[in-house]
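**Student:** Chain residues, written in single-letter form:
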Amino acid sequence: MSILVKEDTRILVQGITGDFGARHARLSLDYGSQVVAGVTPGKGGQVFEHAGKKVPIFNTVAEAAKQTGATVSAIFVPPPFAADAILECFDADLDLAVAITEGIPVRDMVRAKRAMAGRRTRLIGPNCPGLVTPGRGDKSSGGCRIGIAPGYIHKRGNVGVVSRSGTLTYEAVWQLTCRGKGQSTCVGIGGDPVNGTSHLDVIKLFNDDPEPEAIIMIGEIGGNAEVEAARWIKAHCKKPVAGFIAGATAPAGRRMGHAGAVIGGAEDTAAAKIKIFEECGISVAATPSDMADALLRIWKG
Amino acid sequence: MNIHEYQAKELFAQFGVAVPKGVAVKSAAEFEGALTKIDTTGGIMVKSQIHAGGRGKGTFTDGFKGGVKFSPTKEKALENAKAMLGNTLVTAQTGEVGRKVQTIYFTEAANLGKRPDGRDDEYYLAILLDRATSCPVIVASTEGGMEIEHVAHHTPEKIFKVHVDPAVGLQAFQARQIAFSLGFSGDLFKQCVTLVTKLYQFYWDKDCAMVEVNPLLVTKEGKLLALDAKVSFDDNALFRHPDVVALRDLNEEDAKEIEASKFGLSYIALDGNIACLVNGAGLAMSTMDIIQHFGGSPANFLDVGGGATKDQVTAAFKIILGDANVKGILVNIFGGIMDCNVIATGIIEAVKETGLKLPLVVRLEGNNVEAGKATLAASGLTIVSGDSMADAAQKIVKLVNNK
Chain A
20 MSILVKEDTR
30 ILVQGITGDF
40 GARHARLSLD
50 YGSQVVAGVT
60 PGKGGQVFEH
70 AGKKVPIFNT
80 VAEAAKQTGA
90 TVSAIFVPPP
100 FAADAILECF
110 DADLDLAVAI
120 TEGIPVRDMV
130 RAKRAMAGRR
140 TRLIGPNCPG
150 LVTPGRGDKS
160 SGGCRIGIAP
170 GYIHKRGNVG
180 VVSRSGTLTY
190 EAVWQLTCRG
200 KGQSTCVGIG
210 GDPVNGTSHL
220 DVIKLFNDDP
230 EPEAIIMIGE
240 IGGNAEVEAA
250 RWIKAHCKKP
260 VAGFIAGATA
270 PAGRRMGHAG
280 AVIGGAEDTA
290 AAKIKIFEEC
300 GISVAATPSD
310 MADALLRIWK
320 G
Chain B
96 MNIHEYQAKE
106 LFAQFGVAVP
116 KGVAVKSAAE
126 FEGALTKIDT
136 TGGIMVKSQI
146 HAGGRGKGTF
156 TDGFKGGVKF
166 SPTKEKALEN
176 AKAMLGNTLV
186 TAQTGEVGRK
196 VQTIYFTEAA
206 NLGKRPDGRD
216 DEYYLAILLD
226 RATSCPVIVA
236 STEGGMEIEH
246 VAHHTPEKIF
256 KVHVDPAVGL
266 QAFQARQIAF
276 SLGFSGDLFK
286 QCVTLVTKLY
296 QFYWDKDCAM
306 VEVNPLLVTK
316 EGKLLALDAK
326 VSFDDNALFR
336 HPDVVALRDL
346 NEEDAKEIEA
356 SKFGLSYIAL
366 DGNIACLVNG
376 AGLAMSTMDI
386 IQHFGGSPAN
396 FLDVGGGATK
406 DQVTAAFKII
416 LGDANVKGIL
426 VNIFGGIMDC
436 NVIATGIIEA
446 VKETGLKLPL
456 VVRLEGNNVE
466 AGKATLAASG
476 LTIVSGDSMA
486 DAAQKIVKLV
496 NNK
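The listed protein sequences correspond, in order, to chains A and B.
The first sequence begins at 20 in my numbering and counts up one residue at a time.
The second sequence begins at 96 in my numbering and counts up one residue at a time.
With the rest of the complex left out, here is chain B (with noise of 0.2 Å):
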């Protein structure tokens, strides 16, 4: 579960993670009161939220430049958030269809700048975990306010790691050890400790999948801070954490998946004509993958878990077909304890209830396979059978490509 940064931010200064001053609103009504809960003298940074990346090199559908925005008054701010909130952001990560902006968050950005020694003044800092050795993960660059991925293919000896042991958790000497990478020394130092030593606390306490701090940044007053914040909740830990669940923001997720979800189906759309429907996570993504190499474009992942009962059939058919692009559905069960008849009974139902006009090719597999396909066969219906799966890819294919 992603979360906005203003959310995160609240978060950091709850463990006591070190931010800029902000407030967030949701209608322009509030701006102004929201500007006098800041101290706007040095000016103000205006910050469109929504659950995505490069938001300051985005552009909105209407033309206006930048998701992140200084503004040296408090007029310009205002300006600024008047053209962002209510407005479509399309970052690199939003897709072309972008976000609709709906919070806006106001931080106050004095004393940020170059220090006055001229050194470079931004960092990157993140935690999260390292697959190939199971354990946490602490991240940090001398190279902060750019993407990190560049920094790693071009100078990988400025990305420093410590791994921690869950056992015994973060030590003092790897919180010195990240300072010292960093170059920190005095009192920044002392702040940089703390800094991290409070953000792993906070990863680990509430079951983050990533923290990520980029740029973390040192002001001209000699503060360390977390000027920008992505968080990421680990789904399977949510039952523990009422007060991070509280914070999701169903504006920010895909409306099919949510209904989805709601039928025990994970469902992920993509841009391809041909839908599918399968059962297992392994076997769905083959399948998109296969309807790919026999020429097709698959429309959508989408995954109904160890059964496939009617109501479930039921409801993935009426999420597929809300997908204008679709053209064809491939259904691919292997029911492996399932007995096939019922499968097959089930989509015989769900087809009629949804009134089902678009060819269907159903593969069925496993536990009393015959008799499935029988009923299929029986049905009346225009369903096609698929004997195995690259079968039933090329001939749903065909169907779709063909008209």
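Okay, chain A solo, but in the shape it has when bound (with noise of 0.2 Å):
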């Protein structure tokens, strides 16, 4: 199994003839990703058309999720439009809307996921590379691939991989593709600080999920989102986790004024989570070059 995603799962990509939108349907088409519909207002009716496949082109979520059967939205909308369009998909009872979109203002998140609770869709990102459960063909193909990370650097797998970061994702999925260590399923929650899923969220899914063996959980400083995931890790988490958390020489306050310490607390530094994360049994990279073996220590997989 995997999370969240599957390799037959059905997408539909909500901004899909806008130049960012069409240029990864197109790399998740060439994966073999099951991209069966886009959605721009206006445009119905049209397709798009990527090396012999058509993807029909629908005016609303609601009808292309209903003509096609497509239960998960990737969201490559701009920034002014985009919590509209992930509210779009929570009217549509989508299973999943992944918002790609970076600069999101603050106060759409903040009302885009107050109206979230109660409904059935979740939310991944904004802000985010988006998430892949590998494939079992060449090179990780026939995946689902939903978003914008690289496909190609995947090997289906046990590990569990969930990170704020993209590249900082892409380095750790990597080091264990080159170490002959498979993924089960990659999610990358993004860096906004409102987001739809949390590092604890994700971390739930592969304790429950037979497949991942492990995981590795990467976070940054700010926020106390990954040391409320370590807290349940220690408590609850029936699989080993390794951890890394970047910026530990980020320059601290370049805000003007203070209420965010009062807020964010002292455990939103890396040392403070570092700290964390080793008293909850994390296994914690020193580097991010040592991310995959933070976790082979701990794991042999």
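Since the hints were made in silico from the structure, they are not lab data.
Just so it is clear, the structure is predicted and the values come from calculations on it, not from any experiment.
It is possible that some hints are incorrect.
[Said to hold, decoys possible] Calculated lysine-lysine pairs in the DSSO-like style (CA-CA distance at most 27 Å, straight line):
1) A/K158 to B/K293
2) A/K132 to B/K256
3) B/K293 to A/K132
If you follow the hints, you should be able to join the two separate chains into one complex; please do so.
**Tutor:** Encoded structure:
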């Protein structure tokens, strides 16, 4: 099994007619993912063609889902309209909305997150690389690629990867693949202060899924999401976890006032998070080059 | 995006948040005229306008003490303002170099000071995002006029928080909770409810990242005023607030950061001597970390974003080379989708165009990486190739430290 998406998950792409969305829709099709619909308001009835495949475009998410059976959306809509695109997924009762868009106003995300409460749709992102469940073909082709991650760096296997950062996720995945260790699902939850799915949400899914035997969790300074996940891991997680926190050298306090320090508390620095990781039994990578090896020190695969 | 105190107070006034009357000027010739526009009978506050806190306790580079001064007379106000304007103010938040004061704000000081009943008259109020709940939170305290971190650490029971449900907005009972928690009654209670309500409306309508009033003050006459104002805005939302964008003061921003932003680069200068150029914020942060891990000192954070074109790399090198402390450069690119060979070609062209003489270590990984490495090796330039982040970091640290 995998989490959130499987090889045959049917995907729709919001913003498929834009440069960014079109480019990554083509890469997902090349990877063998089931991109079955595009959505661009006003361009319903047109067709997105790539390598002999024809993807119908619809005006609304609800119509695209109804006509094609798509259950997941990849959102490449520009920032001013992205929250609206996310809300449209909730309204269409999709299983999953993956918001790739970078630069969505915080206020829009605060409202969208509130609107998500009680709905069946899970949101991943925004400002994230998306997620990949690697396939079993050559260079992991045939998998489900939603977003902007390079597909070929993956390999199907038994490690779950969750991270806020895109390129740092690729770094971890590539280290695993180079050591012959594959991944069940890799999830980029995004770097924005308000996001749909937390580290802990993904860790719980990995814990309940029989396929991953071990987990890599990659975090950053700021907020308390990694700490929350680490404490849960100590109490409940059945699987070995390795972790890395980026930002030990980041300059502190490039903000005007101080109220953030009151809200953030004392646990949002890299040093504090690393200490809590260690206390919670997580194998901490000393450098980003050491992420896969940190896992292999506690898990033999 | 940050704005000055005087700009924040003008916005407060537009939203009906009570502030002391004041006038901001940018030249000494305007000082006397400005002082005729406000009531100076109770004295004048002379306030240096820079984008940093701790102004009152700051010291100017010529030794003049205090970036915010109470001046009992017009003459004293003129004297203080002349000492501040054009002078460089160093505070706990500016770093050693300080900030040049280019605007002076005169405000009325009448009726400030202790209330007749002798009660403490300074309070704290802030509104910002609580990341843990994804909701706005209003933070209030009876301990105004001092550093809120200090209050949070030593007397956390004196800090009150009210979370606002974004679906319905701030409710009247919540504004009352704040006013009660600060111990107000009677007319001051009503003033506080009004001020909190209007301040929240400003925070929400203008897409603020943070609004902080410290202190919120009760005058001798029983008026509640925002005596100071710190406001920052969500950069992602500036597209819908042209009036806010117009308040941007480029003098307060780092020239290199402004230049970087023109090329889609995110750059922050640091104190070290090894510059880095990376794609992706998380990878860029951890590249700085790994330089330090192996005994080096990062000179900057520089994220070229998803791609790394020749123009971007050239612009990045020029910005990096503008920092005299830089003794070596580490390029770390994970070209997931991009062709590493294209990136390698861009790096070579950028080296030639900028005439780079410093040690350069390049670590490429990803799509078509072998061709990229071959291109770098065949360039005839002294570019050192790193096989992993650790290898590359160790190489650049060695090259710089052995010079």
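**Student:** Going through the earlier hints one by one, which of them does the structure break, listed in rising order?
**Tutor:** Violated hint (a single one): 1; every other hint is consistent with the structure.
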